[in-house]
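A.B. asks: Listed below, chain by chain, are the residues.
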Amino acid sequence: MTNTDIAAPMAATTAKSRFSGAQQKLLAFGTLIILVIGFSLASPNFMQTSNILAILQATSVNGILAVAATLVIITGGIDLSVGTLMTFTAVIAGVVLTYWGFPLPIGIIASLLTGALVGLTSGAIIAKMKIPPFIATLGMMLILKGLSLVISGTKPIYFNDTPSFPLISTESFIGDLIPGVPVPNGVLVLFIVAGLASYILGRTVLGRYCFALGSNEEAARLSGVSVDNWKMAVYSLSGGICGIAGLVIASRLNSAQPALGQGYELDAIAAVVIGGTSLAGGRGTILGTVIGALIMSVLLNGLRILSMPQEWQTVVTGSIIIIAVYADMMRKRKA
Amino acid sequence: MFTRRTFLGAVSATAVVAATGVAKAADKIYIPLISKGFQHQFWQAVKAGADKAAKEFDIQVTFEGPDTEAQVDKQIDMLSAALAKHPAAIGFAALDSKAAIPLLKKAQAEKIPVIAFDSGVDSDIPVTTCSTDNVAAAALAADKMAALIGNEGKVALVVHDQTSRTGIDRRDGFVKQIKAKYPKIEIVDIQYGAGDQLQSTEITKSIITAHPDIKGFFGANEGSAIGVVNGVKESKKSNVVIIGYDSGKAQKQAIMDGVMAGAITQNPVGIGYETVKAALAAVKGQPVEKHIDTGFYWYDKSNIADPKIAAVLYD
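Sequence lines, in order, name chains A and B.
Heads up, the final residue of the first sequence is numbered 335 in the numbering used here, and it's a clean run with no missing numbers.
Heads up, the final residue of the second sequence is numbered 1315 in the numbering used here, and it's a clean run with no missing numbers.
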């Protein structure tokens, strides 16, 4: 928590946001625990190892996308293209690995680079062309959706020629070490991504500028921060993380499904706000986001285990999002 | 802080309690159906059939499917939640069979019978597949076509594609029936328009240009059939017999207006009903046929309002 190297007002904001972030984490964590206990009491089928692993597996992709979205949202921006960017990077991996026959590491690098480059492009459109993030990334969302279909020829690309591909998501290193706990590697990837993003936010210059941009972009600009460049850096990082999500989902499905992805950005944003990150920017934590993503998958899985009709599952999920954000606002008003 | 947490907790608890009310029927035989969709009229009709069977046999059935047919991962999540409930059997219409294989193997290991429905599952794990016999349905379309054009003349087919199971079956069912039974009917062209209305329209117009004396068209799915209707209209051609497939507002309208002679409809209600019925038979250890034909109907202006037909048509 050494904020001495940046301007004093900024340091104050950051410190305050960390404090409220800790409170929010407790709030979200409490909700998660109550949901888990509630569902366990309601059905013996909920608390089974295989079901818990299924919940974690279901969280992995949304969680990674939500981490990517958190970084952008903290800067006061928004990224609607995370879902289709994920699909686009998966398709790129499919082209590089299956169509061109390159080895796995090349496919991984291609996906990550593609993600970062697209992120950089979105960032440049926002920072240099001064197009609002909502519109820039809405456009990018559609561009990527279309390009995924064009490049793949509107057909799924399978990874049958890359036998090691399931390593990324479905196989389990942990299960090899500790028999009986086959946590899928995709979940491991989520935790690693979240850990790194958390480190970047809390311990690096890039992280500090994320909060500074979100709290008061003009103040940051006036104190000599090159706002445009840092913004592009954040969008690139976020795009690279979407590339990781692309690899995880492609590995899980053993295919790049080109028509998938639209709508996933809203699940990601929901996880971010449930986790207490403010859409106004300047405040938020990665841990909160991961808990937010877990709350969403626990809720959906639990309601399914209780055989709640699908239309009502959607109603309940929507209500929880509103309630979570309302609770967060009430806390802020008192603070 | 404490009060706010309690508030959220209370809300979550309420949700849980509300949900348990739904799960009360847990002692009944439970069969979840994981479908390829949920919101479309076609899938709602499949659900209606499943619900009907559930009521009739006094068992519990749930029906879930992703928002779009691209969301393979969401369908897999639904399937794994369904398996966690240790159901008596499971109905499954795979979006991507390959992605679902690990979970289907798990079901097999736990001796949970899997019933494939609609287009089925590309694997030998399912006990049976409940779907439309598209070959027989298209053969019926051929019979109707022959009767309407007086058993002779030129006809053409506009099909959605030559790779999908339904595309192949409907094309072959129609062509084989014509060749076997109606030697005076000539099939002059078979074209593929991806089920896209506009593409199918252009195809139809070019076939009409090439064969001005054409007497009939068979459009093998909803989009192809509407394309044929548009193409014939734009060519200002009359006295062409058009036979369609499935329903939808535009196709029903074309039949009411007399532009389309009639169409084949699948029986989505029957698909849902037979899936649950077959699942129950599998649970009780009764023999189940490897493939169950869920039926299809011919409908035209005369019977479109018939309650039995109206029930399986969608807008």
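Keep in mind that the hints are not guaranteed to be accurate.
Claimed, not checked - Calculated lysine-lysine pairs in the DSBU-like style (CA-CA distance at most 35 Å, straight line): (1) A:Lys155 with B:Lys1252; (2) B:Lys1055 with B:Lys1290; (3) B:Lys1052 with B:Lys1233; (4) B:Lys1052 with B:Lys1111; (5) A:Lys128 with B:Lys1176; (6) B:Lys1179 with A:Lys128; (7) B:Lys1179 with B:Lys1105; (8) B:Lys1205 with B:Lys1236; (9) A:Lys155 with B:Lys1055; (10) B:Lys1105 with A:Lys155.
Hint data in this document are derived by calculation from the structure and do not stem from the laboratory.
A.B. asks: Check each numbered hint against the structure and report the violated ones by number, ascending.
C.D. replies: 3, 5, 6, 7, 9
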